[in-house]
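Listed here are the chains, written in short residue letters.
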Amino acid sequence: MATDLELRTASGDKAASSPTKSAEGQSAIGVASAHPLPRHRERQYVRFTRLQRALHVCMIVSFLSLALTGLSLKFSYTAWAATLSHLLGGFQTAGFIHRTAAVLMFGVFFTHLYSLVQLKKREYKSWRGMLFGPDTMLPTRQDLRQFVSTMKWFLGIGPRPQYGRWTYWEKFDYFAVFWGIAVIGFTGLTLWFPIFFTRFLPGSFINIATVIHSDEALLATGFIFTVHFFNTHLRPEKFPMDTVIFTGHMPLEELKRDKPLEYEALVASGRLEANMEEPQPEIVVRVIRAFAWIALAIGFSVVVWIIYAMLFAYK
Amino acid sequence: MSAKGGVALRSHRLVFIAAAFLFFGVIGLSSAQKSASDPKNDDCLACHGDKTLATQRAGRPVSLFVDSKKFSSSVHGPLSCTSCHADLEGKDLPHSTPLARVQCGACHSDEQEKHAHSLHGKAIARGDSLAPRCVDCHGNHDILPVHDPRSAVAPLKVPFVCGKCHQEGTPVQMTRKIDEHDILENYSESIHGEALFKKGLVVAPNCASCHTAHNILPHTDPNSSIARRNIAATCTKCHAQIQQVHRKTIKGELWEKEANVLPACVDCHQPHKIRKVFYTQGMADADCMRCHGDERLKAADGRTMFVSAAELVGSKHNKVACSQCHSGVNASRVRPCETISSKVDCSSCHAEIGQVQQRSIHGQLLAKQDSNAPDCKECHGTHGVLGKKDPQSRTFPVNVPDLCGRCHHEGHKAAVRYTGTEHQIIRRYEESIHGKGLLKSGLTVTATCTNCHTAHGELPASNPDSTVNPKNVPTTCGACHHGIEQQFEQSIHSRLVTKTQKDLPVCSDCHSAHSIRRADDNGFKLEIMQKCGRCHEEIAKTYFDTYHGKVSRLGYTKTAKCYDCHGAHDILPVSDPRSHLSRAHVVETCRQCHQDATRRFAGYLTHATHHDPRKYPYLFWAFWGMTTLLISTFVISGIHTLLWLPRALQMRRELRAREASEEAERLTGSEPESDLSSRDGNHGD
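From first to last, the protein sequence lines are chains E and G. Counting from 1, position 223 in the first sequence corresponds to residue 222 in numbering that gives the first Met the number 0; the numbering is continuous, with no gaps. Counting from 1, position 83 in the second sequence corresponds to residue 82 in numbering that gives the first Met the number 0; the numbering is continuous, with no gaps.
Keep in mind the hints are simulated off the structure, nothing from the lab. Since we're looking at a predicted model, the values are computed, not measured. Beta carbons: idealized from backbone N, C-alpha and C, even for Gly. Careful, some of the hints might be misleading.
What the hints assert, rightly or not - When the alpha-carbon atoms are kept at most 25 Å apart in a straight line, the in silico SDA-like pairs for lysine to any residue are as follows:
no.: 1; chain 1: E; residue 1: 73; chain 2: G; residue 2: 527
no.: 2; chain 1: G; residue 1: 557; chain 2: E; residue 2: 92
no.: 3; chain 1: E; residue 1: 237; chain 2: G; residue 2: 664
no.: 4; chain 1: G; residue 1: 560; chain 2: E; residue 2: 195
Unchecked claim - FRET-style restraints, in silico, Cβ to Cβ:
no.: 5; chain 1: G; residue 1: 627; chain 2: E; residue 2: 312; range: 36 to 44 Å
no.: 6; chain 1: G; residue 1: 540; chain 2: E; residue 2: 143; range: 26 to 34 Å
no.: 7; chain 1: E; residue 1: 89; chain 2: G; residue 2: 529; range: 19 to 27 Å
no.: 8; chain 1: G; residue 1: 376; chain 2: E; residue 2: 89; range: 51 to 59 Å
no.: 9; chain 1: E; residue 1: 86; chain 2: G; residue 2: 420; range: 33 to 41 Å
no.: 10; chain 1: E; residue 1: 86; chain 2: G; residue 2: 537; range: 48 to 56 Å
no.: 11; chain 1: E; residue 1: 274; chain 2: G; residue 2: 652; range: 25 to 33 Å
no.: 12; chain 1: G; residue 1: 620; chain 2: E; residue 2: 86; range: 34 to 42 Å
Build the full structure now, drawing on both the sequences and the hints.
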């Protein structure tokens, strides 16, 4: 495997032949990036599968639709909201879009759960192996350690931690969706089918569901459009955007830099080369960038709108 | 006639006969003069002198007492009982059966005959239960001579005798076709009535003077004393010399010759309302038109003094003489009009309207000699005055907004003085549902200015007597919207239901005044929340916290608004069983939109707020739980991000620097520097 990499990079660097040593591994970055060929020609590491990328795009579409239609109702006291609601074709159409997007999101959620089952069948012998293995999405003790050392790094009293396949903030984002789908999904269903739900819930539960749905929506949109955006796009080293979730690919040097533990594990297990692919064609990347920019723009506009609505127009 | 009908008629007659007996039919008296066996007055009084003597008639006690003193001092005192109660003759006492009705006509045959032909007599013949008989006016055992002031038909008492039936509120006035109204009241205030009642002039005419005592006929009957043809004769019984003084005004030489062509006395001097005469004697229109028929005639100040004869002829006043309005002329002068010292006073004829107008804001300003105040002619014009039903008239409904607008248009003389909140009233009215109905749909029954503000009694809304004062608005609108008014008067907003010092809403508070719109207009539907919210501030606010309110605020009308649940005009407290939101009705109310609504569904809190921990604890804690989660998440992730930022920037700088050096290296083809990789190594874990 290491030989393949050597061949591909054609650098003949000795560091690549001893990947278990982290210091040498780090130095390899400089060597790899020093290659005279244009970077996009290099084969890239496949971080996300096609299904995962597709689900994320669906998630963006449904999430933005839900956010725009839902918030136009939540902040109905702003002129913005009325304009938006009319643009979307009136409150009934907006409601229809909202529910359609909700169905899409449920679809994304359950497809993902299904894909987890497939993943387990394909790559793991047992649930235990998947859930408690090194690439688990579940929080581990290592995450706690990394959190502490990240804090130290932030405060300038320690080096940047060596992150693995999933960092603790990525895991947090991942489980935030689980929580969000459960809370916002269930309350949303009660609001969608109030007559059915009030067969066994009190009528005032609809009021409570409204409050929870609405505030959870604020939490979700606020979090995604600020913290998540920062983590993936606005982080200065990735600015203006990290397209890995759309292309599925990340340059090897970025993997080495950002997720050295994963890189090391891949090299150690010899799976790295199997996960390398040609980069996406230029046109695909452009389309992806255009889509991502639009999504980003909508997201930021919504943040500005929320801040305006909460701080200046609150009634 | 069918057998059934015959029975009905007979039984009808029997009722009248029985009714007559109630009064005086049973008084058993006999005359000793006719035969020795006939009962004497004393015999009769042996029983009927007892004050307690009574009988039951139709379930009511009827006194059979006869006051012997009153009878003996009456005009019939010398007569015996049997003279009138002729059917007692030869009967044994005490008589058992009720006696026959006394026939006054046996002696008073002339009067009887006149009465029989009169309106009253014919009514009796028809079987009209309300028709008066002799006793109804004259009494029975206590009849006094007419010249006796105590007589029931003494001049001073006649108006009251007639007024027993002919005054407002009596069955006769209400159920029989009588064109005149407030007869007794008007008579009392007329010059005749004043003379009689205030001055005690018993020669002053009373009812009987004009209508006759017994030969009362409707004015449509040619033989009636008040038939058009006979009025002059009736009036001249007293006003014998009236031809002399009316000679010129009524074109004297035609007086009486062509009575149908000429106005009858009552055309100017309304029956029962005959006021003191204002009309100047001795002027004919031709005398005026000799000068004023000239188009070139001008006053000293340049105003034209021309009066168009054609205009006069077409006007409502075409039968009114010039001098009737332009009073104060002196016929003996060369220019009779030079003695005119005052303006035309329309109230000399239109007295009631004049009184109303004097109390109005227009009248008040006129009294203050305000130059802006409109007088009668400002609205009605002068010689060409037309009735309000004439489409050419300025006061025809369609023309009223323009008429009022002459002063009340924004920027015009009345509008600039106005300090209230209503502006652009004419323009807004024209755009309102009323304005469109009147001006676009041509519905002359649509409310125009005068329907709400009245034609002559306009008062500012602040005046409690104003028709547009909040207190009176429901009644004013109810004049047309009667059904709505009925609903409203039952509602919690009605002053009749809620007794409070606070201002209660009236029609105009929700519907506005001049810009009133259709209630199914979107704008109206959306504004209603603000309207209700002006008083129900808190509850309106909480409405906007719910889905219904939020959608409404976005500008859509399909979700429930205040009136969809609470009702519009029939709003009642939820505690009232009749309320749309009472326990009995609430599910039904929800079902207007949510067809499958259940009782539990109706438990949805349509005005819930998460700000009230005592009323809605679950909502309150759900809200604060979520808010805490939200704030803590943002605080933690915010700090995380902010701390990250400088490190990330540092990383970016390093990356850039490395890229730059790589670029330089690629261009120069030199070996990579080792310092970069060693610096990266510092960040290794």
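Evaluation of the provided hints:
1. For the hint pairing residue 73 (chain E) with residue 527 (chain G), the CA-to-CA distance comes to about 21 Å; that is within 25 Å, so the pair holds.
2. Between the alpha carbons of residue 557 (chain G) and residue 92 (chain E) the distance comes to roughly 13 Å, so the proposed pair stays at or under 25 Å and holds.
3. For the hint pairing residue 237 (chain E) with residue 664 (chain G), the CA-to-CA distance comes to about 23 Å; that is within 25 Å, so the pair holds.
4. For the proposed pair residue 560 (chain G) and residue 195 (chain E), the alpha carbon gap of about 24 Å is at most 25 Å, so the pair holds.
5. Here the CB-CB span from residue 627 (chain G) to residue 312 (chain E) is close to 23 Å, at odds with the stated 36 to 44 Å.
6. In this structure the supplied range 26 to 34 Å is violated for residue 540 (chain G) paired with residue 143 (chain E), their Cβ-Cβ distance being about 46 Å.
7. The given range of 19 to 27 Å is respected by residue 89 (chain E) and residue 529 (chain G), whose C-beta atoms sit roughly 22 Å from each other.
8. For residue 376 (chain G) paired with residue 89 (chain E), a C-beta distance near 57 Å keeps the hint of 51 to 59 Å intact.
9. About 36 Å separates the C-beta atoms of residue 86 (chain E) and residue 420 (chain G), a value consistent with the hinted range of 33 to 41 Å.
10. Judged by the Cβ atoms, the range 48 to 56 Å given for residue 86 (chain E) and residue 537 (chain G) is violated: they are separated by roughly 33 Å.
11. The hinted range of 25 to 33 Å is satisfied by residue 274 (chain E) and residue 652 (chain G), whose Cβ atoms lie roughly 30 Å apart.
12. Roughly 36 Å separates the CB atoms of residue 620 (chain G) and residue 86 (chain E), a value that falls within the hinted 34 to 42 Å.
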